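Trainee: Below, each chain spelled out in residue letters.
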Amino acid sequence: MELLIALAIGVLFTVGVYLVLSKSLLRILLGTTLITHGVHLLLLTMAGLKTGAAPLLGEKADSYVDPLPQALILTSIVISFGVSAFFIVLAYRAYRSAGMDDVEGSKGERQ
Amino acid sequence: MNNLLVMPLLIPALTAVILIFLKEQIGLQRIISAVSVFLNIAVAATIVYQVKTDGIQTLHMGGWLPPYGIVFVADMFAALLVLVTAIVGAACLFFSFASIGEERERFYYYTFFHFLLTGVFGSFLTGDLFNLFVCFEVLLVASYSMIVLGGTRVQLRETLKYILVNVISSALFVAAIAYLYAATGTLNMAHLAMRVAEAGQGGIMNVIAVLLLLVFSLKAGLLLFFWLPDSYSAPPLAVRALFGALLTKVGLYAITRTFTLIFVHDPGMTHSLMGWMAGATMILGAIGALAYNDLSRIFNYNIVISVGFIAFGISVLTEDSLNGVVFYLMHDMIAKALLFFLGGMILAASGTEQLKQMGGLIRKYPWTGWMFFILTLALVGVPPLSGFAGKVMMVRSGFGEMHVALALIALASSFVVLYSLIKVFQEVFWGGERNDEAIHPQRYKAMMAPAAVLFVLVILMGIGAETVNDYVLQAGAVLADPAQYINAVLMKE
Numbered sequence: 000m001e002l003l004i005a006l007a008i009g010v011l012f013t014v015g016v017y018l019v020l021s022k023s024l025l026r027i028l029l030g031t032t033l034i035t036h037g038v039h040l041l042l043l044t045m046a047g048l049k050t051g052a053a054p055l056l057g058e059k060a061d062s063y064v065d066p067l068p069q070a071l072i073l074t075s076i077v078i079s080f081g082v083s084a085f086f087i088v089l090a091y092r093a094y095r096s097a098g099m100d101d102v103e104g105s106k107g108e109r110q
Numbered sequence: 000m001n002n003l004l005v006m007p008l009l010i011p012a013l014t015a016v017i018l019i020f021l022k023e024q025i026g027l028q029r030i031i032s033a034v035s036v037f038l039n040i041a042v043a044a045t046i047v048y049q050v051k052t053d054g055i056q057t058l059h060m061g062g063w064l065p066p067y068g069i070v071f072v073a074d075m076f077a078a079l080l081v082l083v084t085a086i087v088g089a090a091c092l093f094f095s096f097a098s099i100g101e102e103r104e105r106f107y108y109y110t111f112f113h114f115l116l117t118g119v120f121g122s123f124l125t126g127d128l129f130n131l132f133v134c135f136e137v138l139l140v141a142s143y144s145m146i147v148l149g150g151t152r153v154q155l156r157e158t159l160k161y162i163l164v165n166v167i168s169s170a171l172f173v174a175a176i177a178y179l180y181a182a183t184g185t186l187n188m189a190h191l192a193m194r195v196a197e198a199g200q201g202g203i204m205n206v207i208a209v210l211l212l213l214v215f216s217l218k219a220g221l222l223l224f225f226w227l228p229d230s231y232s233a234p235p236l237a238v239r240a241l242f243g244a245l246l247t248k249v250g251l252y253a254i255t256r257t258f259t260l261i262f263v264h265d266p267g268m269t270h271s272l273m274g275w276m277a278g279a280t281m282i283l284g285a286i287g288a289l290a291y292n293d294l295s296r297i298f299n300y301n302i303v304i305s306v307g308f309i310a311f312g313i314s315v316l317t318e319d320s321l322n323g324v325v326f327y328l329m330h331d332m333i334a335k336a337l338l339f340f341l342g343g344m345i346l347a348a349s350g351t352e353q354l355k356q357m358g359g360l361i362r363k364y365p366w367t368g369w370m371f372f373i374l375t376l377a378l379v380g381v382p383p384l385s386g387f388a389g390k391v392m393m394v395r396s397g398f399g400e401m402h403v404a405l406a407l408i409a410l411a412s413s414f415v416v417l418y419s420l421i422k423v424f425q426e427v428f429w430g431g432e433r434n435d436e437a438i439h440p441q442r443y444k445a446m447m448a449p450a451a452v453l454f455v456l457v458i459l460m461g462i463g464a465e466t467v468n469d470y471v472l473q474a475g476a477v478l479a480d481p482a483q484y485i486n487a488v489l490m491k492e
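If you're matching them up, the sequences are chains Z and H in order. Using numbering that gives the first Met the number 0, you'd call the opening residue of the first sequence number 0 and step up by one each time. Using numbering that gives the first Met the number 0, you'd call the opening residue of the second sequence number 0 and step up by one each time.
Quick caveat, the hints were computed from the structure, so don't treat them as lab data. Since we're looking at a predicted model, the values are computed, not measured. Where hints are given, some of them may not hold.
[Said to hold, decoys possible] Just a few of them, taken from the derived set where beta-carbon distance is under 7 Å, the chain H residues facing chain Z:
(1) Phe-129
(2) Leu-155
(3) Ile-162
(4) Val-166
(5) Ala-170
(6) Val-173
(7) Ala-174
(8) Ala-177
(9) Tyr-180
(10) Ala-181
[Unchecked claim] Residues of chain Z clear of chain H, computed beta-carbon distances all greater than 12 Å:
(11) Leu-2
(12) Leu-6
(13) Val-10
(14) Pro-68
C-beta: ideal position from N, C-alpha, C; glycine also.
Based on the sequences and whatever the hints tell you, model everything.
Mentor: This is the structure in C-alpha cells:
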C-alpha cells in the first residue's frame, strides 16, 4: 500500500513540476494544486497506512491509527484551498484587466 | 502556564475581524487600529518583563501537556522580537494613516494589516513546527492581499510571482514536516530537539535539515532572493516598510530557532552550508545595491545584504555571535522600517524613484535629510548607534572561529551599505533643486511622527546598548544552550 501511494506521490509531483514550468498561468495554477496534493498524500503516508483501527475509543481495538497526520492534513488542505482560491481569482483578474494569461506576455512595462 | 502568551495573537486577530464590519467608517477603523497596536505593545512589554524576571514562559493550549498539545513558548529571543514587532507595527500603522490613501483603507487595508501582525506574532511564539507553518500561511495570505491591493498591472504581475514562490516553498515545508514526523514521531520543537539528540543527526536528519533551510531561505530571502527586489517594489511604501522590517525577519527567526535548537549536532554540514549561502547573499546583494539607480531597488538590495549578514551570525554558532544575531535583528527591524519611511517621504517630495531626477531636498526637508544620514551610519554600524553592538559581536566571533573569509565579506558588505546609501543621500539631498512637488505640511508632519519615534529608538538602542544587552544576553544564553528551552517546555527540572 505504501509503495502504491509513494508512486502516486511521485506522479503528482512530476506532473505538478512539469505544469509549473510551463508558460500559461492556468497550467501553473493547476501544477501548484497537484504539488500540494502530493504533499498531503506524503503527510498521510508518513505515519504508516492501516496500522490499526480508526482512532476512536469506541472501536475497542488493540491498536489505533495515528490521528495526528490526519489533523495536520485537514489543516493543510484548508490552507491550500484558501490560497488556491485566492490564486485563481488573482489569475482571472490579471487575465481580465491586463490580458495576462501568458507569463511571458506580462513582461515589459517595468513600473 | 501563562495565558498572556496568546494575547499577541488574539488582539490583532479580533481587531481584524471587527474591522471587517466597519468597511465605510474609516475614522473608526483608524481609532480601533491605533488602540489595538498600543495594546500589543503593552502586552509584549509585559511578556518581556515576565521572561526577564521568571524565565521562559509557556502556554499549553487546552491544558494538553507536551509533547501532545500545541504549546506556545516565549523565551527572551521570541519575547524581544514580539516587542520590536509590536513597536514597528505601530509605527507602520501611523505611517499608513498619512500615506496609504482612502481607497485602500476602504478595501480592508487595516484588516490585512492586523492579520499580518497575527501571523508574525504567532510565528515568533509557537513552539510547534506545524503551527509555525500555519502562522506562516496566515501572514503570507495577508501579505498577498497587501501587495495586490490597488490592482495595478505591476502589482498583479508581482503578486502572481510572489504567490507562486511561496506556494511551492510552503509545499516543501509540509513535505519537510512529513519527513520529520516519520523520522522522529513528534513535531513539538523541544521534543524534536531531544529526539534528534538521542537518535543522532545522521544522513536522513541532514537531508531534512537542508530541506528546512531551503524553505526558510526562500521566505527570508537568503540566497534564494530572486523574487524579493521586484515583489517588494510593487506595493506602496508603508506596506514595503512592514514587509522589509518583518517578513524576511520571520524567515530568519525560523532559521535561528531550528538551527540552534534542533539541528545543532552536525554544524560542519548544515551550518557551513548556511555560512556559504550567507556569504553569497551578501556578495549578490552588494552587487544589486551598487548596480541600480532607483530608490526602491537600492533599499531592497540593502534588505538582502542584512539578511546575509544575520545568517552569517547564525552560522558561526557561538554564544557571542548568537547574542549579536539577537541584537542585530532587533536593530535591523527598526532601522529598515525607518529607512522605508524616509524613502516614502523622499518619494512623496520628489515624485520619482530615479535618483538622477532628484536633488536639493535638504533645503526644504532638513530633518528628513539628516535623519537619513544618521540612519545610514547606524545601518553601517558606526559606534554610538544601534547597528554597532550586534555587528561587532558577530564579526568578532567570526574571526575567533576562523570563519575569516566570511567575516571579511561581512565587513566589506558594510562598506557597500555605506556607499550605496551615501550615494542616495548625495543625489537626493544635495545639488540643485529639481523637484516641484511639495508635500502638504500637515501630511509631512503625520509622516514625520512615526519616523521620529523609530529614529529616537535607533539612537537609544545605541546609547543604551548596555541596558539592551542585559536582555540580549539572556536571549543568547537560551539560544546557545538548547537544554534550557527543552527543560522549560517539557517541564523537566
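Trainee: A separate judgement is required for each hint: does it hold in the structure or not?
Mentor: So, going through the hints one by one against the coordinates:
Annotation: Phe-129 (chain H) was flagged as interfacial toward chain Z, and the flag holds, the nearest CB pair being 6 Å apart, inside 7 Å. The closest approach between the C-beta of Leu-155 (chain H) and any C-beta of chain Z is roughly 4 Å, which is under the 7 Å cut-off, so the hint is satisfied. Against a cut-off of 7 Å between C-beta atoms, the interface hint on Ile-162 (chain H) holds, since the closest Cβ of chain Z lies about 6 Å away. Taking 7 Å as the C-beta contact cut-off toward chain Z, the hint placing Val-166 (chain H) at the interface holds, the least distance being around 5 Å.
Because the beta carbon of Ala-170 (chain H) sits about 5 Å from the nearest beta carbon in chain Z, less than 7 Å, this interface hint is met. This hint holds: Val-173 (chain H) has a C-beta 5 Å from the nearest C-beta of chain Z, less than the 7 Å allowed. The restraint placing Ala-174 (chain H) at the interface with chain Z holds, with a minimum CB-CB distance near 5 Å, inside the 7 Å limit. Below 7 Å, beta-carbon pairs count as interface contacts, and Ala-177 (chain H) has one with chain Z at about 4 Å; its hint therefore holds.
A least Cβ separation of about 5 Å between Tyr-180 (chain H) and chain Z falls short of the 7 Å threshold, and the interface hint therefore holds. Annotation: Ala-181 (chain H) was flagged as interfacial toward chain Z, and the flag holds, the nearest CB pair being 4 Å apart, inside 7 Å. With a cut of 12 Å on Cβ distances, Leu-2 (chain Z) stays outside the contact zone with chain H, its closest approach being about 15 Å. Against the 12 Å criterion, Leu-6 (chain Z) stays outside the reach of chain H, whose nearest CB is about 16 Å from its own CB.
Non-interface status of Val-10 (chain Z) relative to chain H is upheld: no Cβ of that chain comes within 12 Å, the nearest being about 15 Å off. Separation of Pro-68 (chain Z) from chain H is inadequate, the least Cβ-Cβ distance of about 7 Å not exceeding the 12 Å criterion.
Checked against the numbered hints above, the structure violates only hint 14.
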